[in-house]
Amino acid sequence: MWEYTDKVREHFMNPRNVGEIPDADGIGEVGSLACGDALKLFIKLGPDGRIADAKFKTFGCASAIASSSALTEMIKGLTLEEAEKISNEDIAEELGGLPKEKMHCSVMGREALEAAIANYRGIPIPMAQGEVVCECFGVTDLEIRRAIHESKLKSVEEITNFTKAGGGCGRCHERLEEILREERQEIKEKPAAEPAKKLTNIQKIKMIEELFEREIRPALRKDGGDIELVDLDGDFVTVALRGACGTCKKANLTLKEYVEKKLREQVLDSLVVEEAH
Amino acid sequence: MANTPPVIYLDNNATTKVDPAVLEAMLPYFGELYGNPSSMHSFGGQVGRTLADARQQVASLIGATSEEIIFTSCGTESDSTAILAALQAFPEKRHIVTTRVEHPAVKHLCEHLDRLTGHKHRVTKLPVDRDGLLDLEQYEAALNDDTAVVSVMWANNETGVIFPVEEMAKIAKNRGILFHTDAVQAVGKIPINMAVSAIDFLSISGHKLHAPKGVGALYVRKGAPFAPLIIGGHQEKGRRGGTENVTSVIGLGKACALAGARMEEENGRVRQLRDKLEEGLLSKIPNAILNGHKEQRLPNTTNISFEYVEGESILLHLDQHGICASSGSACTSGSLEPSHVLRAMGVPFTAAHGSVRLSLSVFNTEEEIDCVIDKMPGIIAKLREMSPFWRSSHQGSVGGANCPCECS
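Protein chains in written order, with numbering that gives the first Met the number 0: chain F, 0 to 276; chain G, 0 to 407.
Derived from the structure by calculation, the hints contain no laboratory data. Relax, there's no trap hidden among the hints.
EDC-like cross-link-like pairs, simulated, lysine to aspartate or glutamate; straight-line CA separation at most 16 Å:
1) F/K99 to F/E157
2) F/K255 to G/D145
3) G/K169 to G/E139
4) G/K119 to F/E256
5) F/K54 to F/E113
6) F/K260 to G/E91
7) F/K54 to G/E384
8) F/K249 to G/E91
9) F/K43 to F/E80
10) F/K99 to F/E2
11) G/K236 to G/E66
12) F/K205 to F/D234
13) G/K119 to F/D232
14) G/K221 to G/E235
15) F/K255 to G/D113
16) F/K255 to G/D144
17) G/K119 to F/E264
18) F/K261 to F/E209
19) F/K255 to F/D234
20) G/K283 to G/D369
21) G/K119 to F/E274
22) F/K75 to F/D24
23) F/K54 to F/E72
24) G/K275 to G/E294
25) G/K275 to G/E366
26) F/K260 to G/D113
27) F/K151 to F/E182
28) G/K119 to F/E273
29) G/K119 to F/E259
30) G/K381 to F/E19
31) G/K119 to F/D234
32) F/K54 to F/E19
33) F/K153 to F/E173
34) F/K261 to F/E208
35) F/K249 to G/D145
36) F/K249 to G/D144
37) F/K43 to F/D22
38) G/K119 to F/D268
39) F/K255 to G/E91
40) G/K124 to G/E136
Okay, chain G solo, but in the shape it has when bound (with noise of 0.2 Å):
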């Protein structure tokens, strides 16, 4: 592999590379500091405070108080506890509203909350325009009697679209349902500040802020209503069993409060350099389109779809580059239907199938954004010179097996 080139990693709304500061905080917890907080000792209480230092230190990045954050195994966990947790103080309660674009750890979760509850649920899953935005009347239509909880995620993953989560949380809690947003994505990239905020439940993930996987937090606001999803020792309060992850947690930490300081990079250089980058492939590129609301968004993600091609293929084509990047098409999404996002955007099939989505972070250069406007045209020129339906007289269908297809 003596041509590799260096990689330009893009994909930071997958993951994120562990921050070398986070990652020099976490060592020595892996080494010789290797007591248990919980211990009686000074050997173990001296990882119990720096433990409380990485609580306080979450707590402060979303504006909370350290009482208020549980630390779990990831983002999928805290969700998890969430929901159930509501659900379980509303037991006569049969109704969750949640959205058509949510990540599986909630759309999943949902769908099959019977094996877990016991009981079917009623789910409402609220559309979206075309931009990927929410409709507030409908959501406020959506709520009833027997609404247990909403669950609505702060921004999208695969288009960075910000969903009104503060005001839809304040309609819930005047109807006294319980609400729990996924932040995943907007921790550490938008400002948080639950002081001021009628959200009950926040759903933070490690790995997505540059620290490691396999942490995660939960905020639950002091007041609300709250059941352990994994029951064992005293450990968070008997809010979550099992000796923490000190490690990680540590490392949680530390990656909060390095994504406080740099929030004004985030939404400054880090935006611009988005900005660039997609006006830089629309413009050097025709028939792409930017999937997701312009303005209501995240600064480090650009989702467009480039017309007639298909979305594993460029991703590949950029591997050769060391570009690494995601797609929603079909091929790339595990499944044979292009992502259940852009499908609720009713995104045309024309440009799901070929959708890329680019995530940067903090560590992505101008050069690299640079790199890949100046590649990305000709991979997309390649691929739609081998395409069938790229300028030919007859975009859509071209017959031969029969494709009435209405499976958006």
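In isolation and in its complexed conformation, chain F is listed as follows (with noise of 0.2 Å):
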């Protein structure tokens, strides 16, 4: 169960500003029904140019329902240019703050609130401008750039929190780690990755090749059989037995403690050795 502050329970149970503005000044979406979390805010300008009513829509959890409800207490009042500075920890301060797998809600009320101050305004939403880093939740790189500065975040897993990039089938893990070193300005001190998990399958082909040639097949002919390499699919590599070796009943035993051992020894601990059939 998640810890929640007694206000963000307060405002989960007696959400302020439910609802709909029919001639609002400016509208903000953000998220979708397939994300799990999405928020619509409606903002109403009064003579004075401040903010006069907000009203929003959210489908959530009770930390995204309370961010849109402090959001819209939090922005009446204010001028366009005092809105625009309201920053997710600010959201988050005001409801005695997140747990922090929750603070993509609070990221997600300052969203609609930028989306909805770009409707009023005529331009396109900036934070949306970036490049998609995360398919699955729709996040742009400048999201994830100012949500690295703001909150300094320091680890893949804290971006993941703050903006949900990285939450899904977790492909765009090794670009937001790049990014993370970029903000960081780490990009110099960018470590050599271990060269064996950048193997193409050209070099893996070369490699197990040679390691046949070397020690495998020298070894097998004493028995009077040999091997081949038939195919290589990303980590499995398929071979077929001859001579002695394709007859013989302990031949699936030498695939994998003999053959299937050296070649992760010597060219990579994850392939996988199969017979061809």
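Relying on the hints, combine the two individually framed chains into one complex.
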């Protein structure tokens, strides 16, 4: 169970300003059903240019609803220039804090506000202009970079907590690491990653063939057998056993306990050897 | 907390109340009867005899013999023990067949086997259809000469959907493949008879059937190859080292005896209450969808999606009324994606985030069910009133930040 503050619980149970403003001056929509949370924010300006009314509709968990409710209370009476300065941290603070895994709810509030202001001004939503890094949740690098700076994020996990980026299939984790390094000005200290992980298929095939020639074939030939590389698909190495090996009952054991072991020791420790049928 | 409502516990697939009779059976062994069941003296020996009785009680519930029961610390340990034992029986085989909807105890084990065995294994995860059912032809086609073990749950914890594990085990047996089933949700809820089964390994968890947490059992069919996970003393005939958790094991035995006696009630009164609850919610609340096959299902479980609202919000509102339930929404799963079970079933996102699982036990009453049927419509209506997708012209993505989500 999440540890919510009393203020979060209170805003969740009795949300302020739920609804729509039919003649709103600005409407900001962020999130989607697929993403698991979404916020539609309506703002109406008074004659003095200040936000006279704000309403919201939110699909999401308790912290998403509480963040939306708190946000509408916070922006009433502000000029757009003042409202623009509200950060996600301000929203979280207003609620007495949010669990770290839920910080993205406050980020969603802030982004809805930006979208509503952009909508009023007739300009594109600034954060949506960047490169989409996380396709699962539609998060751009601009959103990620800003979150890293403003909330002093130090890890991919924190980026996920704040922006949801990387919380789905995980395919963007490398790119997130990269952005994190760039933003934390560590581009030049990029550590030399283990070269083993970056082997291309061609390199793998070459190394496997070399190992076969150097060690494995001579050993198998002693027993009248032989081996041939048939195919390579990622980490799956398909081989054919020839000669005496082709009919030997212990051939599978040879493949796993000898060939696969050697390949893992000397080429790549994630390889899986399979016999061609 | 003057006005705290009484607890209405409808989360029995998560854990269950320790039956008062189970607690009573356990209490002496927390106190004066502290002997070690392995000791030679009669003070320990009397504990050993009670332990033997408990083993017989567990065996009786599933039609096994007491030699076929090994006590463990939990369902997860039973799962790990069985799957790793099967793999050690066929060291040259590198293929496992399981499903896309297994509990993390099996799912994550299969995904990380190389760390434990030093070998990469190919894992075939069988898909399920919209009702959460498996295709047996697909299952047969997935088996091959490299397959060491099949691990398929008896009943799904989230939807209650029951898999035809008996039939699947026979197919595996014909191919010389070992068969394990995680039956922690099924044992005690539906009749199981290992005497006429081809299943080699079956996992049991104590706290899912009114025994305490921290105790489980593994059924190992007589003659099935076995290798212990925990190596130590001669306890459990050398099949699981470590002094038995005597008190809890005795509780598990008692709970199994009670479950056997209550099988009819579980499949009668509990099923009727579940059906009343389900029909009540589905008829009173629009855009509510049942997840999982309506018939091929445990008698105590219902999983319903309320479209356009989010699960955690529903749970917190239910909590205000003392009602305990679970959800498969992203916000409750501890990740940012909804339950892997609902996604495997192809439940649309409009519904997956708003899923609620209600799981009953023999301790539930009709008044409790009526209370949930009474409270739920208002909660869903209130949340929908707040939802930008409810009755809006554009159900689905609202744009803004672009979310071309294909992470199903």
